[in-house]
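S.K.: Listed below are the residues making up each chain.
There are 2 protein chains.
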Amino acid sequence: MKPNFTVRLRVFNLNCWGIPYLSKHRADRVKRLGDFLNMESFDLALLEEVWSEQDFQYLRQKLLPTYPAAHYFRSGIIGSGLCVFSKHPIQEFTQHVFTLNGYPYMIHHCDWFCGKAVGLLVLHLNGLVLNAYVTHLHAEYNRQKDIYLAHRVAQAWELAQFIHHTSKKADVVLLCGDLNLHPKDLGCRLLKEWTGLHDAYLETQDFKGSEEGCTMVPKNCYVKQQELGPFPLGIRIDYILYKAVSGLCISCKTLKTTTGHDPYSGPPFSDHEALMATLCVRHSPPQHNPSPTHGPAESSPLTSVLREAWAEVDQGMAQAHWWATMAGYAVGLGLLLLALLCALAAGGWNREAALLLWTPNVGLVLGAGVFYLFHVQEAKGLFKTRTELQHVLGRAREAQDLGPESQPALLLGQQEGDRAEEQ
Amino acid sequence: MKPNFTVRLRVFNLNCWGIPYLSKHRADRVKRLGDFLNMESFDLALLEEVWSEQDFQYLRQKLLPTYPAAHYFRSGIIGSGLCVFSKHPIQEFTQHVFTLNGYPYMIHHCDWFCGKAVGLLVLHLNGLVLNAYVTHLHAEYNRQKDIYLAHRVAQAWELAQFIHHTSKKADVVLLCGDLNLHPKDLGCRLLKEWTGLHDAYLETQDFKGSEEGCTMVPKNCYVKQQELGPFPLGIRIDYILYKAVSGLCISCKTLKTTTGHDPYSGPPFSDHEALMATLCVRHSPPQHNPSPTHGPAESSPLTSVLREAWAEVDQGMAQAHWWATMAGYAVGLGLLLLALLCALAAGGWNREAALLLWTPNVGLVLGAGVFYLFHVQEAKGLFKTRTELQHVLGRAREAQDLGPESQPALLLGQQEGDRAEEQ
Chain A
862 MKPNFTVRLR VFNLNCWGIP YLSKHRADRV KRLGDFLNME SFDLALLEEV WSEQDFQYLR
922 QKLLPTYPAA HYFRSGIIGS GLCVFSKHPI QEFTQHVFTL NGYPYMIHHC DWFCGKAVGL
982 LVLHLNGLVL NAYVTHLHAE YNRQKDIYLA HRVAQAWELA QFIHHTSKKA DVVLLCGDLN
1042 LHPKDLGCRL LKEWTGLHDA YLETQDFKGS EEGCTMVPKN CYVKQQELGP FPLGIRIDYI
1102 LYKAVSGLCI SCKTLKTTTG HDPYSGPPFS DHEALMATLC VRHSPPQHNP SPTHGPAESS
1162 PLTSVLREAW AEVDQGMAQA HWWATMAGYA VGLGLLLLAL LCALAAGGWN REAALLLWTP
1222 NVGLVLGAGV FYLFHVQEAK GLFKTRTELQ HVLGRAREAQ DLGPESQPAL LLGQQEGDRA
1282 EEQ
Chain B
862 MKPNFTVRLR VFNLNCWGIP YLSKHRADRV KRLGDFLNME SFDLALLEEV WSEQDFQYLR
922 QKLLPTYPAA HYFRSGIIGS GLCVFSKHPI QEFTQHVFTL NGYPYMIHHC DWFCGKAVGL
982 LVLHLNGLVL NAYVTHLHAE YNRQKDIYLA HRVAQAWELA QFIHHTSKKA DVVLLCGDLN
1042 LHPKDLGCRL LKEWTGLHDA YLETQDFKGS EEGCTMVPKN CYVKQQELGP FPLGIRIDYI
1102 LYKAVSGLCI SCKTLKTTTG HDPYSGPPFS DHEALMATLC VRHSPPQHNP SPTHGPAESS
1162 PLTSVLREAW AEVDQGMAQA HWWATMAGYA VGLGLLLLAL LCALAAGGWN REAALLLWTP
1222 NVGLVLGAGV FYLFHVQEAK GLFKTRTELQ HVLGRAREAQ DLGPESQPAL LLGQQEGDRA
1282 EEQ
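Residue numbers (this note's numbering), protein chains in the order written: chain A, 862 to 1284; chain B, 862 to 1284.
Think of the hints as simulated: they come from the structure by calculation, not from any bench.
Check the hints yourself; a few may be wrong.
[Unchecked claim] Here are some of the chain B residues that sit facing chain A, going by a computed Cβ distance under 8 Å: (1) R935; (2) S936; (3) G937; (4) I938; (5) T960; (6) Q1022; (7) H1026; (8) K1029; (9) T1139; (10) V1223; (11) V1226; (12) L1234; (13) V1237; (14) K1241; (15) F1244.
[Stated by the list, open to error] Straight line, CA to CA, 30 Å or less: simulated DSBU-like cross-link-like pairs of lysine-lysine: (16) K1104(A) x K948(B); (17) K1114(A) x K923(A); (18) K923(B) x K1030(A); (19) K1029(A) x K1104(B); (20) K1069(A) x K1080(A).
[Stated by the list, open to error] Short derived list, chain B residues pointing at chain A, Cβ under 8 Å: (21) H957; (22) V958; (23) E1169; (24) G1208; (25) N1211; (26) R1212; (27) E1213; (28) L1217; (29) W1219.
On a predicted model such as this, the values are computed, not experimentally measured, just so you know.
All C-beta atoms in this analysis are idealised placements derived from N, C-alpha and C, irrespective of residue type, glycine included.
Chain A on its own, in the form it takes in the complex (with noise of 0.2 Å):
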């Protein structure tokens, strides 16, 4: 690697909008999407909701001269959704399944099924080793009264942590995709302070493309006006975000987006938008900047999010807890409307009455018991979240009230925040 070396990097990033049978012209844009990432040859192109893999297939034998490697990240029932199609050897990949993902009795918004999940792929460039992440949260389906908010944040935690634990000795770190996070989101913000991953949009120096970098626009003829809610303009949910380890310098030359139509003015390609980025990665001074990927971070931005953060997840905790004992309740009242049914029958009562009541009773008791589970191993799932927000925070805290170079009170502090968490 040579000292005055710049490595280019163009990278693809859209959510496909790929449901077998109900999204629109589904074959015809997934063409013209091949069709284009053949022609512009980026480095990189992440996809979301490429949910058929008879889709991935045929974008795999179509742009198998321009990106010869590829991947598709299985997950759960349906799939994760995510791919990638790399023009570099992909030299190893992994993936991530987050450990809530909605509730499987949503069968409408279909997320739990799907086993949304963060994919890992390693490729070296140029001697520079480069953790590629694509990822796709839980959506929103209503952001007046969300239930799924504290999953998401959990989510975004959990991405975070992947990031944070398996990138440790990666030159570069980029991660692509829909998070179904806002930029003020909790969730976004709270992955940023974590991974201190910057956002291509907020940090290029050439952008071209939708207002304020929409990736849901009104403009584009998929997006029905009430999934943009107050946001008449169109949201930003769709992400490009890198950073480089000290001694390097990222920075994102170009910035574009579709707006709501694809490149040629045609029909678009997704009811989403595509982010078209050009990142720069060259050799710079080793600075002193102490990355909160490796180390306690002292920020109070931190801590701030992180606060929030657990009390978005106790708050979910509680309503787990809540939803588990009234299912409890409702598998108690099943029994016992079972052993009525049972004596009644026994006792010479209208046995075609009681034989039709069974049903609806067995059904009560089986399906308030699942729903127990579920809502027991959701419950575990946000006290998980919980704890290891709050040992992050304990360690901020300390780190802050203390300053950086206050390593032993650190540890002690991070001590107290153990035994505080465990409590």
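Mind docking chain B on chain A? Use the hints.
M.R.: Just chain B, lined up with the frame of chain A:
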């Protein structure tokens, strides 16, 4: 960190057999274990099967003066059963829950409800970064006809991958736990080959304990002879494994196991034997030793074990597909019967009989539906594992064929492996 420094690390590992209401003399055993851990003052005590959080809290309070830091890894419905007590501050912790972990309908085996996982702790000891992992894999109930074999191999691979990707900046890696794998079992070989971890029992200079290092022995009053099956002298399924980065040398000075009773010749702490190791970390001149954790492995044992694992996971995938297909047929049949019953009831057939048959049929459709979804998910999880294995296998094979210097050819090979994997 002085150039001639030595770090001594005393580690304790035990599967505690702490099932509430079912495990004999649990309270007494936990109390005595706490007394022993306090007296011995290990650096780290890693425990499995602490299923009751009350037991953890009890130990936490009891051990607080000797082990100021502790953590309980929460997951699944029951919990992972994993916890750790540390004399040194815990810098960071996180966990990864295994994608595959048995079947929810095997209620008597219970593993699915536990959310089996691997827990990670990051500790700083005299300037060294220690990544300590604790885990517990799916139990083996029938060695002759092991229906969980593919899951356990997938878990071993996921464990190895988690260690591989999260320990890249660690100086020392330590893995303790109940692997439910004999030393020559596929999963154990896969884990060791892919991570480069060494087995304390095989490496130690001074071993005292049960014959052949067994951790379930017939002398233990809680072990039923039939549990040991064709191994009347005992089995070795609990491990302390370790490695250090180049430039450091780690060795196991002493390894002890209990031998069917506690260290004071009293009743045993558990149905498993405890492992107690003294590890020594010191500087050593860096050697050219291409570790399998930092690039493609050239060794033939790796290729061979990867191929074996691939075949096992592939067979598991075929099995999962078969079950999903059968369940699909059962759903179809159930729906057909329901339609028939409706028609018969409407046509004036014996309504009581129709109603009686309605319940089991609804049960059949719902049960088979859930069964179908579960096995589709299982097949996806195994497919994901197989793809990862195939990718690494492709890279290892190429490296082996072309020699470690042939980096460009290796990368090309990796690409081809990639192509094959997705076909």
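S.K.: Decide, hint by hint, whether the structure agrees.
M.R.: Hint check results:
1. Hint on R935(B) holds. Least Cβ distance to chain A is approximately 4 Å, under the 8 Å limit.
2. Given the 8 Å rule on beta carbons, the hint for S936(B) holds: about 6 Å separates it from the nearest Cβ of chain A.
3. A hinted interface residue such as G937(B) counts as satisfied when its beta carbon comes closer than 8 Å to some beta carbon of chain A; here the least separation is about 6 Å, so the hint holds.
4. A least Cβ separation of about 5 Å between I938(B) and chain A falls short of the 8 Å threshold, and the interface hint therefore holds.
5. For T960(B), the interface hint holds, since its Cβ comes within 8 Å of a Cβ in chain A; the closest pair sits about 6 Å apart.
6. Taking 8 Å as the C-beta cut-off, the interface hint given for Q1022(B) holds, the closest approach to chain A being about 5 Å.
7. A least Cβ separation of about 5 Å between H1026(B) and chain A falls short of the 8 Å threshold, and the interface hint therefore holds.
8. Using the Cβ-Cβ criterion of 8 Å, the hint placing K1029(B) at the interface with chain A is satisfied: the shortest such distance is roughly 4 Å.
9. Using the Cβ-Cβ criterion of 8 Å, the hint placing T1139(B) at the interface with chain A is not satisfied: the shortest such distance is roughly 24 Å.
10. Because the closest C-beta pair between V1223(B) and chain A is about 6 Å apart, less than 8 Å, the hint holds.
11. A distance limit of 8 Å between C-beta atoms decides the matter here; for V1226(B) the minimum to chain A is near 12 Å, and the interface restraint is violated.
12. Here the hint on L1234(B) is kept, as its CB sits about 5 Å from the closest CB of chain A, short of 8 Å.
13. A cut of 8 Å between beta carbons decides the hint on V1237(B): the least distance to chain A is about 5 Å, and the hint holds.
14. Because the beta carbon of K1241(B) sits about 5 Å from the nearest beta carbon in chain A, less than 8 Å, this interface hint is met.
15. Against a cut-off of 8 Å between C-beta atoms, the interface hint on F1244(B) holds, since the closest Cβ of chain A lies about 5 Å away.
16. Straight-line distance between C-alpha atoms of K1104(A) and K948(B) comes to about 35 Å, which puts the hinted pair past the 30 Å bound.
17. Of the pairs offered as hints, the one joining K1114(A) and K923(A) holds, with about 29 Å between alpha carbons and a cut-off of 30 Å not exceeded.
18. Between K923(B) and K1030(A), the direct Cα distance comes to roughly 38 Å. Violation of the 30 Å bound is thereby established for this hinted pair.
19. Taking the CA atoms of K1029(A) and K1104(B), the gap is near 18 Å; set against the 30 Å cutoff, the hint holds.
20. Only pairs whose Cα atoms come within 30 Å are accepted, and K1069(A) paired with K1080(A) is accepted, the gap being roughly 16 Å.
21. At a threshold of 8 Å, the smallest CB-CB gap from H957(B) to chain A is about 7 Å, leaving the interface hint in force.
22. Because the beta carbon of V958(B) sits about 6 Å from the nearest beta carbon in chain A, less than 8 Å, this interface hint is met.
23. Against a cut-off of 8 Å between C-beta atoms, the interface hint on E1169(B) is violated, since the closest Cβ of chain A lies about 20 Å away.
24. At about 17 Å, the closest approach between the beta carbon of G1208(B) and any beta carbon in chain A exceeds 8 Å, and the interface hint on this residue is violated.
25. Taking 8 Å as the C-beta cut-off, the interface hint given for N1211(B) is violated, the closest approach to chain A being about 11 Å.
26. Using the Cβ-Cβ criterion of 8 Å, the hint placing R1212(B) at the interface with chain A is satisfied: the shortest such distance is roughly 7 Å.
27. Below 8 Å, beta-carbon pairs count as interface contacts, and E1213(B) has one with chain A at about 6 Å; its hint therefore holds.
28. The restraint placing L1217(B) at the interface with chain A holds, with a minimum CB-CB distance near 6 Å, inside the 8 Å limit.
29. A least Cβ separation of about 6 Å between W1219(B) and chain A falls short of the 8 Å threshold, and the interface hint therefore holds.
When the structure is compared with the earlier hints, violations turn up for hints 9, 11, 16, 18, 23, 24 and 25 and for no others.
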